[in-house]
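Here is how the chains run, residue by residue.
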Amino acid sequence: MINLKSFMARQDVLALLILAALLFVVMPMSMDIFRLNLIGKYLTYAFVAIGLVLCWGKGGILSLGQGVFFGLGGYCMAMYLKLESSTPEATAIQSTPGIPDFMDWNQITELPWFWEPFNSLTFTLVAILVVPALFAFIIGAAMFKRRVGGVYFAIITQAIAAILTILIIGQQGYTGGVNGITDLRTLKGWDIRSDDAKYVLYFLNGALLLGVLVLCQFVLKSKLGRLLVALRDKEDRVRFSGYDVANFKIFVFCFAAVLSAIGGAMFTLQVGFMSPSFVGIVPSIEMVIFCAVGGRLSIFGAVYGTLLVNWAKTTFSETFPELWLFGLGALFIAVVLVFPNGLSGLYRSYLAPHVDRWIFRKPPEGGSSGADPLDTPAFEPEPAARPAE
Amino acid sequence: MFADYTWTELGSIFAMQGFAGLILFSVFVLMALGLAIIFGQMGVINMAHGEFMILGAYVTYLCSNFVEAFVPALFGVYFFFAMILAFFTAGALGALVEWSMIRHLYRRPLDTLLATWGLSLILQQAYRSIFGAREVGVTLPDWLLGSVPLTDIIEIPINGIFVMVLTLVIAVSVYFLMFRSRTGMQSRAVVQNRVMAGAVGINTEKVDRMTFALGCGIAGVAGSAFTMIGSTGPTAGQLYIVDTFLIVVFGGAASLLGTIASSFAISQAQSTMEFFLSGSMAKVLTLLTVVGILMLRPEGLFSAKIRR
Amino acid sequence: MNTVTNNTDFLLAIENLTVSFDGFKAVNDLNLYVDENEIHVIIGPNGAGKTTVLDLICGRTKATDGSIKFRNRELTEMREHEIVREGVGRKFQNPSIYEDLTVFENLELSFPRGRSVWGALSFQRDAEVTGRVREIAEMVFLDTLLDMQAALLSHGQKQWLEIGMLLIQDPELLMLDEPVAGMSVSERKQTAKLLNEITKGRSVMVVEHDMKFVEDIAHRVTVLHQGKILSEGSMAKVQSDPKVIDVYLGH
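Chains as they are written, first to last, in the numbering used here: chain A, 1 to 389; chain B, 1 to 308; chain C, 1 to 251.
Isolated chain A (complex conformation) (with noise of 0.2 Å):
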């Protein structure tokens, strides 16, 4: 009962389809598996650049926390893929074959009950999901709940990643430690290290993240998806309209958080590892600039920043090491600066108007396009919507 086309404004489709061709027909055209891979790795910290978007640029909760469920997810299929190749014959040289061998070279001799059941498929997609969504509604609740937000959620979930790296770090015997869970091979005895693989893993990671967009374009365009925005603007007015506002701000938390894990654990399949380098404050800062270059308020940007800014990442400490940091530091500042809308405020100011006419053939929008340059309305009038003429 959806009507397509309130669900998706031409630019939106039209963004949709170039992102479909730019993934899956140029770049797997244009790049040897290698660098295809390294893409497919970005494209995994789109993920959680989109829930962001959704969770800050539209309802202005800021987590600078995004890395600890990218992590749950990454450790997740992490600790699957792991026991599948730690199979009895293959660590026969341990001193206790058929665990870990992060686990032997701890003096751990029996496989931790947590661990158990990530011995199954099912179980380990399954804690995929639920895993950080649970854990993101604890958190969204306690917070939420008791109205604590802006900088103090933000210093929290900042110091929630600071908290479980250490314990990830200090916990060797359990985590893999700093090095992580390294050495993953298979995944249902195919081996996920061959550039078959690599294809596929690609093309899946792709299909996910474009089926993750069309859900959250679904959200956005929700009632659901305004009344974040009218959260982020006023928030006791939403309340005193009859709104239970922290169960929408639970609610889009624990969505960031599980779009998050789908990309750590796509991130653990086409990597091969997974470690805490992910998951601390480092990596959970830097996701948001992915979102901001991106414009913290477009999904479509979100993926484009995060290209962006790891393509440049790559490209610059490759060649200028120390002037990576530099560079990175400079966006930072830039990018809240100069400017706030990002990559897709560039587009909706100097391209979209010439998309609308010289694909749509419509003539250039006045009336609200002159208006908060942070927002324009999500909102495409139906006929049935327009005031009467």
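Incorrect hints may appear among the rest.
In silico DSSO-like cross-links for lysine-lysine, where the CA-CA straight-line distance does not exceed 30 Å [said to hold, decoys possible]:
| # | chain 1 | residue 1 | chain 2 | residue 2 |
| --- | --- | --- | --- | --- |
| 1 | C | Lys228 | C | Lys243 |
| 2 | C | Lys25 | C | Lys237 |
| 3 | C | Lys193 | C | Lys237 |
| 4 | C | Lys62 | C | Lys228 |
| 5 | C | Lys228 | C | Lys25 |
| 6 | C | Lys25 | A | Lys234 |
| 7 | A | Lys313 | A | Lys198 |
| 8 | A | Lys198 | A | Lys188 |
| 9 | A | Lys234 | C | Lys62 |
| 10 | A | Lys234 | A | Lys41 |
| 11 | A | Lys145 | C | Lys25 |
| 12 | A | Lys145 | A | Lys198 |
| 13 | C | Lys193 | A | Lys234 |
| 14 | C | Lys189 | A | Lys234 |
| 15 | C | Lys228 | C | Lys212 |
| 16 | C | Lys212 | C | Lys189 |
| 17 | A | Lys313 | A | Lys41 |
| 18 | A | Lys145 | C | Lys62 |
Cβ-Cβ distance ranges computed for the label pairs, FRET-style [stated by the list, open to error]:
| # | chain 1 | residue 1 | chain 2 | residue 2 | range |
| --- | --- | --- | --- | --- | --- |
| 19 | B | Phe276 | A | Leu346 | 52 to 58 Å |
| 20 | C | Glu74 | B | Ile161 | 56 to 62 Å |
| 21 | B | Thr289 | A | Pro321 | 34 to 40 Å |
| 22 | B | Leu257 | A | Thr186 | 28 to 34 Å |
| 23 | B | Leu285 | A | Val338 | 55 to 61 Å |
| 24 | C | Asp143 | A | Arg146 | 38 to 44 Å |
| 25 | B | Trp7 | A | Lys145 | 53 to 59 Å |
| 26 | A | Gln107 | B | Phe276 | 18 to 24 Å |
| 27 | B | Arg107 | A | Leu346 | 18 to 24 Å |
| 28 | A | Phe123 | B | Ile130 | 48 to 54 Å |
Read the hints as simulated data drawn from the structure, not as lab findings.
Cβ coordinates follow ideal geometry from the N, Cα and C atoms, glycine included.
Fit chains B and C to the given chain A structure using the hints.
Showing chains B and C alone in chain A's frame:
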């Protein structure tokens, strides 16, 4: 975990760890005071605060090298000059940052957080380019070395005592500056009602800049003190930033007493637990407790009930 | 807390209401009743506790002591959104609207349906919603501006929009905090007309300073002073009360 120790040993352990905790407490207080002024009084999140502290540490390092090489006669007292220089260097950089960046962002607190994070990355890389990636330490004058024996097990290092006295002096001066002086009153007035403060003739822009510079300057002094108990590296500041933010929030922003009390609680908890658990688990437990308490009492330990 | 009187005949019954902020009693042992279909205006000097009374009714501030009964249901123990769902609407002093959204969307979000997370996700903009939005928009003089971004409205139009956002919820008690502040003379007249129109079938509580406007609309006036009732009754009675003249109206 206590079973392996006798009561006297336990007592000494708590005393020694308590003292180690006091040094940590001093660094926390000095870091957090600056942060609390900036965050509590101005509502601005300065993620580069740790880097301002490290700037103070590097200034102290340079001073120590300079004095050692050119005027060795003054080596015994160089530390006092270094602290003053650290205060003004960090304060001047703070004023520059406020002017170029922060003042455009007063209405967007979450954005200051990102922008100052960017600044912290730039500063870290700048330190690395200038001073190298390796940690540096300063040479302390003789009178700061050694320790005072208290009992046959417990010894108190002199540099620790010095840092604590320093902290006390700075905390008291900050209190007088913020709550007893005209400057402090103006600063608090701007926080309470910017428009009104401007209307009664307070130069709000100047007050903002001074407050921010003051907070950064105190961080610089903190860095000076920091050199006496640890070595200085480009990323040393970042290690403390989360802890100090939690301290400020935990103490109830805008409450100096709260900031000091929460610094004390957190540093003591961490240092005492460190002896029995591994360092990382002590930190995890401390942070978890703080986050847990903050979830139950989000307004922090000390905060006034205000009429909205 | 143990008031035994049963005030079923009043829409809203406030009894022994007290709230103190660090010992300062902003509202002190207040008793106040609102009838069905009544426009009840609260006036008083600054700091008399007028806005605090509205805050207490809608749950924004928690009472230290006393009771607020709406249709004989205790409001002091409810959370804000529950009070709204009981049928109490509140307009803030400064226009509180969603500036990034259009007038239509502002009204639509206030339409009382789909207020849960899942409800909001599955909410459909059907004929009932659009019809109601247009009806209300016409009432608050905004029917030609439905597609305009709310940030671009004039101050008076923003005030009307917020009143419209309350009307679409169809509350039984509507509380307005200085609805004509910052309005032009003609806008004031229009607003007075609007209030007289919307009071059919509901009660309205208004906090206002503009005495001319109060005279135009009030059925009953309560004068607050230092958290207590100074005088109560018709406008004429209140205006001639020497205590009121002394502390508020002036000689």
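Comparing the hints with the structure gives:
no.: 1; hint: Lys228/C to Lys243/C; verdict: holds (13 Å)
no.: 2; hint: Lys25/C to Lys237/C; verdict: holds (27 Å)
no.: 3; hint: Lys193/C to Lys237/C; verdict: holds (23 Å)
no.: 4; hint: Lys62/C to Lys228/C; verdict: holds (18 Å)
no.: 5; hint: Lys228/C to Lys25/C; verdict: holds (10 Å)
no.: 6; hint: Lys25/C to Lys234/A; verdict: holds (29 Å)
no.: 7; hint: Lys313/A to Lys198/A; verdict: holds (22 Å)
no.: 8; hint: Lys198/A to Lys188/A; verdict: holds (15 Å)
no.: 9; hint: Lys234/A to Lys62/C; verdict: holds (21 Å)
no.: 10; hint: Lys234/A to Lys41/A; verdict: violated (38 Å)
no.: 11; hint: Lys145/A to Lys25/C; verdict: holds (28 Å)
no.: 12; hint: Lys145/A to Lys198/A; verdict: violated (43 Å)
no.: 13; hint: Lys193/C to Lys234/A; verdict: holds (28 Å)
no.: 14; hint: Lys189/C to Lys234/A; verdict: holds (28 Å)
no.: 15; hint: Lys228/C to Lys212/C; verdict: holds (24 Å)
no.: 16; hint: Lys212/C to Lys189/C; verdict: holds (10 Å)
no.: 17; hint: Lys313/A to Lys41/A; verdict: holds (13 Å)
no.: 18; hint: Lys145/A to Lys62/C; verdict: holds (16 Å)
no.: 19; hint: Phe276/B to Leu346/A: 52 to 58 Å; verdict: holds (56 Å)
no.: 20; hint: Glu74/C to Ile161/B: 56 to 62 Å; verdict: holds (60 Å)
no.: 21; hint: Thr289/B to Pro321/A: 34 to 40 Å; verdict: holds (39 Å)
no.: 22; hint: Leu257/B to Thr186/A: 28 to 34 Å; verdict: violated (59 Å)
no.: 23; hint: Leu285/B to Val338/A: 55 to 61 Å; verdict: violated (43 Å)
no.: 24; hint: Asp143/C to Arg146/A: 38 to 44 Å; verdict: holds (41 Å)
no.: 25; hint: Trp7/B to Lys145/A: 53 to 59 Å; verdict: violated (45 Å)
no.: 26; hint: Gln107/A to Phe276/B: 18 to 24 Å; verdict: holds (21 Å)
no.: 27; hint: Arg107/B to Leu346/A: 18 to 24 Å; verdict: holds (23 Å)
no.: 28; hint: Phe123/A to Ile130/B: 48 to 54 Å; verdict: holds (52 Å)
Violated hints for the displayed structure, listed by number in ascending order: 10, 12, 22, 23 and 25.
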